[in-house]
Amino acid sequence: MTTEAATLTPRGYLQAQNRWHPLEIAFWLATLLPFVLFPDYLSLASQIAITALFALSLDIILGYAGIVSLGHAAFFGIGAYTAGLISKFGWGEPLSGLILAAALAGLVGFAASFIISRFRHFTLIMITLGLGLLAFEAANRAHWLTGGSDGLQGVSIWPVLGIFKFDLYGYTAYAYSLAALFVVFLAGRRLINSPFGLALRGIRENWVRMPAIGADSRAHIRKAYTIAAAIAGLAGAVLAQTTESVSLESISFQRSADVLVMLVLGGAGRLYGGLVGAVIFMIARDQFSGIAPQFWYFWIGVLLVTVVMVLPNGILGGLSHFYARWKRK
Amino acid sequence: MLPPVFGVLFDGIAYGMLLFVLSVGLSVTLGLMNFVNLAHCAFAMLGGYVSITLVNDFHWPFLATLPLAFLAAALVSVVLERTLYRRLYRASDLDQVLLTIGLAFISVAVAAYVFGTTQQPVETPALLRGTVGVFGLDLGKYRLFLVGVALVVTMLLVGGLEYTRFGAQVRAAVDNQRMARGLGIDVDRTFASTFALGSGLAGLGGALAVEIVGLDPNFAFTYLVYVLIIVSVGGLGSITGSFAAAILIGVSDVAGKYYAPELGAFLIYLVMVVVLMWRPAGLFGRR
Amino acid sequence: MSAPAHPARDTGDRAIALATRALSKSFGSLPVARDIAINLPAGARHALIGPNGAGKTTLINLMTGMLAPNAGQILLGGDDITTLGPQERVRRGLARTFQINTLFAGLNALEAVTLVVAERRGLAGQFWRSVGGYGEAIDEAYEILRKLKLGDACYQVTRELPYGRQRLLEIALALATKPKVLLLDEPAAGVPQEESGEVFEAVAGLSDDLTLLFIEHDMHVVFRFASHIIVLVGGAIFTEGTPAEIAADPGVREVYLGKRKHG
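Chains as they are written, first to last, in our numbering: chain E, 1 to 329; chain F, 330 to 616; chain L, 617 to 879.
Simulated from the structure, these hints should not be mistaken for laboratory data.
To list a few chain E residues with every Cβ distance to chain L over 12 Å, as calculated:
no. : residue
1   : 22
2   : 24
3   : 27
4   : 89
5   : 103
6   : 115
7   : 147
8   : 156
9   : 282
10  : 286
The calculated lysine to any residue pairs, modelled on SDA-like cross-linking and capped at a C-alpha distance of 20 Å, are:
no. : chain 1 : residue 1 : chain 2 : residue 2
11  : F       : 586       : E       : 137
12  : E       : 327       : L       : 776
13  : E       : 223       : L       : 737
14  : L       : 794       : E       : 216
15  : L       : 796       : L       : 657
16  : E       : 327       : L       : 771
17  : L       : 765       : E       : 13
18  : L       : 794       : E       : 211
19  : F       : 586       : F       : 342
20  : F       : 586       : E       : 140
21  : L       : 765       : E       : 8
22  : L       : 796       : E       : 211
23  : E       : 223       : L       : 741
24  : E       : 327       : L       : 773
25  : E       : 223       : L       : 738
26  : L       : 763       : E       : 8
27  : E       : 223       : L       : 736
28  : F       : 586       : E       : 142
29  : E       : 327       : L       : 772
30  : L       : 765       : L       : 814
Keep in mind it's a predicted model, so treat the numbers as computed, not measured.
Don't be surprised by glycine CBs; every beta carbon is placed ideally from N, CA and C.
Generate coordinates for the entire structure from the input sequences, incorporating the hints supplied.
If you want it as structure tokens, here you go:
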């Protein structure tokens with residue numbers, strides 16, 4: 001690293017941060033494998049891509065800005081219900097429905113961000129929890145709109161670009177989900193490497209220093225929260241469209257908690273952490289689905305305790321730590 | 330003759346008293362060290378299972394199991410504090426949340442494995458069965474007992490805080506940790522002791538709760554939300570705050586179920602968010 | 617004692633860069649700042665000294681807006697900034713360093729200073745272009761680091777820098793805001809003997825246009841750099857004057873040796 005750096009100018013060094021690492025390219029090529037190797041698992045692959053996108057949205061506020069949210073599924077659910085309702089009321093075009101759902105989720109996120117940006121620590125955790133639970137209760141009570149605990153019925157999505165139908169084989173669904181994930185990922189990657197991304201990292205690294213360098217942390221947080229809400233809504237919309245259904249689960253505490261676990265497992269603040277965590281978590285859950293739920297939660301519990309005590313930066317953090325130590329030898 | 334609304338009020342207060350015993354420990358430890366312990370209700374659950382096992386399998390009288398429930402929970406908390414919690418006093422909120430949620434998950438799984446997932450059969454002790462007529466209302470004897478226990482606990486806690494040396498140390502540390510350390514108070518030890526006391530109270534609360542709300546492995550999470558709401562609304566580190574908030578939540582919950590079941594938990598969550606926005610440190614919290 | 621680094625200046629007719637008037641603050645019934653009146657002329661090299669607990673850092677916190685006063689005013693270049701938030705004061709040219717390093721531990725020095733420059737230039741809200749594309753900001757950041765002899769370490773993550781260099785980075789972050797007034801809170805605090813020379817060199821090398829107020833315990837440093845000394849005791853200004861006057865003042869010696877009770 002030091003020999004490289006010696007030949008780089010400061011500009012060159014920072015520009016190099018943006019370059020694609022071969023492992024990244026390998027990762028994205030690998031996401032194409034399910035089409036060829038696991039065609040029976042395409043619907044699971046779809047779910048993984050959607051959840052990975054949701055985890056990416058949480059990473060922006062948790063991994064980069066340091067906001068612990070226990071209610072992020074509120075935006076996922078808002079996106080899902082919006083996309084579902086748009087189609088139910090006659091407009092089944094997927095891409096425009098997707099944009100509308102993400103926009104609405106982003107709008108709600110923007111409104112909530114004024115509350116979120118004013119608090120920290122325990123109070124903030126409780127407020128995010130409270131807002132998330134409120135969203136769930138609202139969806140639950142509004143049977144007339146959301147179908148309540150029966151879920152939203154009558155969602156019917158038109159073929160993507162007029163050609164690709166969502167069918168039981170799952171090719172369209174996975175291609176759609178993967179495309180959404182990749183496009184948003186590219187945007188997210190840009191964001192992380194931008195001056196705004198640097199400011200978010202500054203907020204996470206040292207909250208106290210930010211005002212002392214002339215930064216308006218609250219404005220940055222509001223922006224990040226809005227963007228994260230829009231992306232979460234987009235993920236929810238993809239779920240609604242590819243499965244042509246929406247249930248209360250999409251706005252539940254369960255979903256908020258699971259995505260938090262996934263992100264922490266993979267390593268927050270590392271861009272790929274949420275993706276890696278989602279892949280591992282979802283595949284593991286699929287494999288364990290036959291076993292009683294309490295055993296699943298036992299191992300999740302053990303995992304959480306282990307990650308906190310031993311692997312504080314998740315799997316990717318642990319890997320990069322060992323890689324750095326190995327290189328030094 | 331009092332109208333039936335007072336009966337509902339009494340039930341709400343009794344429920345609130347139970348929630349108070351469950352919550353007060355978390356409020357004090359949060360106020361002391363800002364340590365977010367989401368496994369708090371798992372200690373309550375432990376107390377509940379200890380009590381149930383002693384009554385059902387060993388035929389102990391119910392009242393005798395209460396101190397055991399307290400002790401069992403306190404003991405387990407000491408072990409966990411020494412091994413795990415101690416290292417995270419200065420860790421981030423997220424780490425504390427994740428560790429303690431993980432422990433709660435583990436406890437739920439263990440409880441399900443050992444005791445099964447169904448509700449535990451519970452038999453009210455003969456002494457506390459039935460009702461007592463008060464001003465034309467039939468007040469449940471068990472609920473009266475609950476209120477009595479909670480009041481005794483409150484008096485002991487407030488008295489202990491005000492009049493003992495340990496209590497003075499706790500108050501100092503809650504007020505200003507840095508200064509307390511500067512005065513020579515071993516804040517970490519104070520926290521460990523307070524944590525044991527708080528967890529013990531949770532265990533006691535769990536044992537008391539079985540008769541009112543039943544006991545199954547999900548107890549650790551079902552009541553966690555209420556406890557968190559009480560602690561945040563009441564104010565971290567404030568016994569008065571927990572007391573007031575617990576009564577508020579207890580009465581709202583019971584009254585809500587009687588008079589406005591459609592509103593359900595919605596109102597409680599809304600109250601919490603609004604209170605926190607108005608007073609981020611809780612109604613009686615500092616700062 | 618060696619002569620002060622700057623000749624004694626006539627403070628009468630120069631512009632006042634930073635002033636406080638009757639600034640007071642209490643925590644409950646505990647007063648931590650009492651009726652403090654300070655005048656920093658442009659280009660000044662003033663030192664703030666006093667026993668522990670005198671309220672020196674509190675005063676800086678009040679000036680920078682981290683604490684709200686109970687009474688009094690703060691004026692920056694003649695403008696009343698008393699009600700402005702901390703970031704707004706920084707934007708108007710009032711910067712400070714912290715006694716205990718308050719750095720971005722996970723960022724490297726270049727990233728950290730570039731962030732400050734980006735904030736100052738209003739670029740920190742932009743999320744569609746990579747940082748690498750903002751060449752001028754990066755160059756400016758690197759230049760600041762180079763002047764403080766941190767150029768060769770700029771790619772190192774902050775938490776891996778030796779303590780003395782971290783203290784220099786502390787100053788770099790403040791300088792990157794292009795302040796008119798800089799408040800230094802014990803710039804060499806905690807720095808081992810071998811490294812403290814670099815810190816003092818950096819302080820000595822600061823532009824003459826910059827107005828400095830620094831808190832310091834080491835009297836050698838104070839007499840070397842300050843042209844005017846303010847002594848703070850129990851939250852109030854005990855006395856002030858040129859280094860020679862302060863050195864000769866028996867009251868000041870007693871305050872430090874604790875022979876007299878106060879408050």
